[in-house]
Each structure stands twice: as structure tokens, then as C-alpha cells.
Amino acid sequence: MAETKNMIVNMGPQHPATHGVLRLVLELDGETVVDVIPHLGHLHRGIEKLAEHKTYHQALTLTDRMDYTGALINNLGYCLAVEKLLDIEGEIPDRANVLRVCLSELQRIAGHLLWLATHALDIGAMTMLFYCFREREIIHDLLEEVTGARLTPSFIRVGGLADDINDKFITKTTDFIKKFPSRVDEYELMLTHNPIWRKRINGIGIISQEDCISYAITGPVLRAAGVSYDIRKAQPYSGYESYDFEIPTGTTGDVYDRYTVRLTEMRQSTRIVEQALDRLADGPVMLDDFRYTPPPKEDVYNSIEGLIRHFKLMSAGYKAPEGEVYMSVEGTKGELGYYLVSDGSENPYRFRVRPPCFINLQALKDMSVGHMVADVIAVIGSLDIVLGEIDR
Amino acid sequence: MINLTIDGTPVQVEKGQTILEAANSAGIRIPTMCWMKKMRPIGSCRMCVVEVEGLGKPVSACDTMAAADMKVTTQSELLHGMRRDALSLMLVGHPLDCPVCDKGGECVLQDMVWEFGVTEQPTPGAQPTRDIERYISPMIKQWADRCVLCARCVTACKEVKGIGCIEIKGNGFDSYIGPVEGVDCISCGECLSVCPVGALTDGIRDEKARIWQSKRITTTCGYCGVGCQFDLNVLNDKIIRVTTTDHDKLPNFGSLCIKGRFAWEFVDHPDRLTKPLVRRDGELRETTWEDALHTAAKKIKEVRDAHGPDSIAGFASARCTNEDNYVFQKFFRAVIGTNNVDHCARL
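Residue numbers (our numbering), protein chains in the order written: chain F, 1 to 392; chain U, 1 to 347.
I should point out that these hints are in silico values taken from the structure, not numbers from a laboratory.
Each computed BS3-like pair below joins lysine-lysine, with the alpha-carbon atoms no more than 27 Å apart:
| hint | chain 1 | residue 1 | chain 2 | residue 2 |
| --- | --- | --- | --- | --- |
| 1 | F | LYS319 | U | LYS215 |
| 2 | U | LYS259 | U | LYS141 |
| 3 | F | LYS54 | U | LYS215 |
In this text, all values refer to a predicted model and were calculated from it rather than measured experimentally.
Only chain F is shown next, with the shape it has when bound in the complex (with noise of 0.2 Å):
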């Protein structure tokens, strides 16, 4: 018998699978994976550090720049933690309520038809990029209509919203959600029965439900374990609690039940969207409270109490109660939770992100394992990870 040694491979950082900057130290014995190691960092911008910096109003901003495949629900998250520190959670308008939840969901559509488009990319299903993409855009368009850009709104504020929405908006968005779920069921004849996508990923990367909760896993990844936990309805935020919607669970915890998860997710959204524009009712998006929230535009320009309002709102900034908030959101990816401190001052003495994917990332060795090198690649995919959260 020859003697044979185990090969370390680097995966990344500039491997079309990975999306984002990720590195990984592979351990192979022939073609079977003994080690996976990530290398992470790369794209570290020291957010939440940099957060620490800014006022209340601008620390916002960086919330988009994390998981950019889903900015809105990031906003959200980062506000609502906000408002909870600032004791005004309870009033906040019907109106921008709605409307968060509308645009949180249809977020979560646009970041989970991202995650179908690249994940069947990396295992060769190139088709499926040019059909996720062809809806991504519609939602994108949208977003891009109501907040003025595709990838980083700041659109939702502590306090509700920075602007209202239009008539096109509502008519447009009713005709996409009537279209999107037989758009979903092109997908699925393109995957879900395709004899080589199901070999690809039936029974590949399986984690157990025990493993889940000792990794902390949350998202469709703990779901397809067969946990159903999300926080839309474990500690709803934002009136989820009086919509109606499922929570899609898989059995096995494989790379298929993940994907199935996923899919049925953008099914129950459309649904959330909905039920959400039809009860979407007359009335102010914006909280107003001269503490915290900045008047109307046409007081800006019209008035001396709202041009000052607004000048030490934007300037200054609002000083918020001592105290740390922890709040958490159901994002694309996972619990995407905002850990603030607050020293009394205008900016947050501490700024700490619970990041789903960097949290779900850890399971990737135990997922991997035993597996061949091109199954770590559909693992990956179908972690659903961006690195610009992972790293901040």
C-alpha cells in the first residue's frame, strides 16, 4: 500500500462560490473533506465600532451596508431597537407599521430569490439566475420607486418612515404578488423534480435539530432541522403577530430541506404582503415627536420651529435615556438581533449586532465533513451566508 497524505486546499477568497470575501482551508483526503476551516475578516469595515461615532439618526445607514440582500429588515431591526431604548415602541403609526411589515417582506423575497439565483449557480443550474433575477428586479424597481435606491435604503426610521409610499407603488406591487406565485412554481419544475438538482442535494450537509440549538443556528436553516421557530411569531414585533402566515419546516435538516423551506417562505410572504396592503389604511409614517423624529419637509422650509427642529435633529442629535436595549427581527438569514448601550449621550456607547449568518457559518465543518469538495460548495449555498454581515 502506497502511503498517502491529506491535501490542504484554500477555497477563496476569489472562488465564484463564495459570495462575498470568504476564505476557506479545506483538508481533503483524495476528493472527501476531513477539515473546513473559514478564514473570515476580509470584509471587515469595524461597523460597529463605527456606529459608536455617530448619532442615533446616522449610526442607520451602516445597518444597510451588513447583510445588503436584505437592508430593509436591517433598518427595521436597528430602529425598533431604538425606539425600545427611546420608549416610544408603542407609537408608532399604524400606517408606517404596515408598511415595514409590506416592505420587510418583500425584502425577504428579493434576499431569498438572491439566495436561489447563486445557490443553483454554484451547483450549475445557470438557468435559475436569469429567472430569480427577472423578479429580483421587479422588487428592486419597487424599492427603488418608494426609497429612491435598489441595495441601501435607510428607508425605515426611528419612528416610522422616511417618506410615504404612491398609488403606483400599491397597483404595481398587487399585480407583482399576484404574478409571484406561479413564478414560484416555475422554479420548482426547473428544480424541485430535476433528477441531478435533487442528487446534488438530497441528503448533503445534514445537521441535526440538537445541533442547531447548541450552534444557535436560527433562520430556514434551524427551520428546515424541523424547528419551527421564527421570531415573527415567537416575539413579534411590528403587528406580525395579526397576520396570517405559516412556518414552513423541513424533517431532515439536508441541503434540500433548506431549500424547500426557503421556497415555501416566498410563498408565505407574498401572502404577509398581501394581507398587508389590503389593510393598509390612511394616516401619518412618521412619528411626531419633536424629541426624536424630524418634522415634515414643508415645516423645514416654511417654518423657523421646524427649520430648528430639524437643524439640531440632524446636527446635534437626539440624546437617548441610559440604558441597553436588545431587539431582535426575523431577517433573511436568520435572528438578526441589535444589542445597544446607551450612556445618556447621542450616540451609542455600545453597538453590538447578533449576525445570523455569522452564527449559522460555524455549522459549516460539522455540515461538511465527510462530504466531497463540491458539496461544501452547495453547503455554502445553501447557508445562505453574506459576508458583508459575517465581517461587518
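On the provided structure of chain F, position chain U as indicated by the hints.
Below, chain U without anything else, positioned relative to chain F:
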């Protein structure tokens, strides 16, 4: 000593103190806009209103003497409303100048309006008629429409400087700060240093900066031996203006003369000597400090050794600080050994 209670806290003060001074000594904040420690109470802004038990209506804390067994309340719904009303009235016809006003960000009016949450004008439509902008002296710009008529400038000119060249003219909406006939302004800038809003600004440099953009460096005035303290406002390593914020501190209590406040442009004048010169072959040439000091020391030593210490005289400058001049005369007396020391004694 008299004993009184402010917001439930027992306070002991000397007789002759106002309620405001009593509150300040106990660390209780009463909002003020026109009051300044170095001047007599003006009582124009009505921000310091307090309730005193037994008196029919609220009184201003700045000019009401503290009396024995007084029970004072500084915060209540009524007082809050009165302060808001007073601010609203000040805002009548106030121009939308915050973005272009020099004072934006360090304006007492802005701070108060935000603190008390004045968000709308209960008496809209009323517009005072005032001049928009003019110079009251070549140094001082007046923006009459930004003025809240607190009379700080008038009082400071009269009480601190003893000049009294400005006064409140006109009545009602048409009131404005204007010159007194026959009394000349000396452009000391006292008025603009006490202005709580941006109604009086300096007209020296066009470069301006918000308070959080420029650095404030507290330093000693280089003009005479008084040693006035002021803050140089520095933007991109260039002085943009001189301010005084500390109106309670020796030696100048925030006051300056025309030179200290406005005559600082020489600092970066192109004609100014910035490198040492040594005369060689009848011509002044640029050199290093090392060489210049070495040459001077050598020459002084040569002269002293050849002709004795009294053949040398030292002539210092009144524009140096006292500390510099002290070292200078010490050097001449102790090191060189002569009492021939003098200085220009004028500016």
C-alpha cells in the same frame, strides 16, 4: 444668611442674592437667555420665570431677591407653558437663516426652542419690519431680523465697556438695536460676544465653520500684558475668528478690546517673518534657528568680553507675555550681567 427651598431642596445663601444665584449655587438649573453673571439682570427674555409660594403670579428668578423661607418651584406645567410662549414670541418673524447663520449649532435660541419643544407658531402672520443686514462698524455685522431683543448687547456696552453707544430704538414690532446719537462705537466686539443668537456677527473673514467643525484653542492674547484669555477658532490650520465663551474667568471675564477680538489677521500675513534672518555681507539672509541663535550668542559674548556687560542693552516687547518678558530680563541681568533692560511699553 437666609434659608429657602428651591424645588424641595433646602438652600442657604447670603442676603442680597437673587433666586437664580441661589439656584445656581445649589446646582439647580433655571433656563436663562438674557442673564449674564457679569452684568446686572436684564429680565427681558422671561425664560427664568419661577413660581414662589404666596405670590400671585410667577416671577423672574434673575431679578427677584431670595428671601427667607421662600418656597420656589422652577419646573411646572405653567412655567413650561410660559417659557414656550416667550420663545414663540421671539420666533415671530425670525428668518429661516439657521443654515446660513454663523451661530447655527451654538445658538441659545435654537437650544431653547428644541429643549422646550416649540413646534408651531400660535400667532402666525405677524411680521416685524427690520433691516436685513448692515454693518454697525467695519468689524461688526448686524442682522436685525435675527435679533430677539434680549438687550444683552445694550447692557454689555453700557455696563461692561461703559460706552453705551447702542440702544433699543422704536416700539413694538418695529423695535431694533440702533446707534445712540453722538456716542461713537469703538468696535470692541463686546456686543457680539454676548449675543445669544446670530444677530451680531464678525465681518472679518468669509471663511466660517460650524462649532463642531472648527477647533477652539484657548490662548492668551498677544497684544498687551493683561493676558486676556480667548479662543482661537481654527479651521484647516487657519484662524477664522476669535471667540470668548468663558464670561466668569479672570482676567478679562470674556471681554476683549478691538485688537484682541478683531486684529488677528497678521498671524498668516504673507509679509510676516517666519524664518530667522542673519545679516551677512550687509544683506539679511534666511537661515536656521540653530545658526541664528549660535551667531547671536557668539556676537553677544564677543561684545561683552571686549567691552563689558554694560555695553549691551536689552529691548523687549510689550507684545510678549509676562512670562517671556520675565525670562528676558532675567537673562540680561543674570546671564549677561547688565541692568540695561527696557521695553517698548506701548503697542
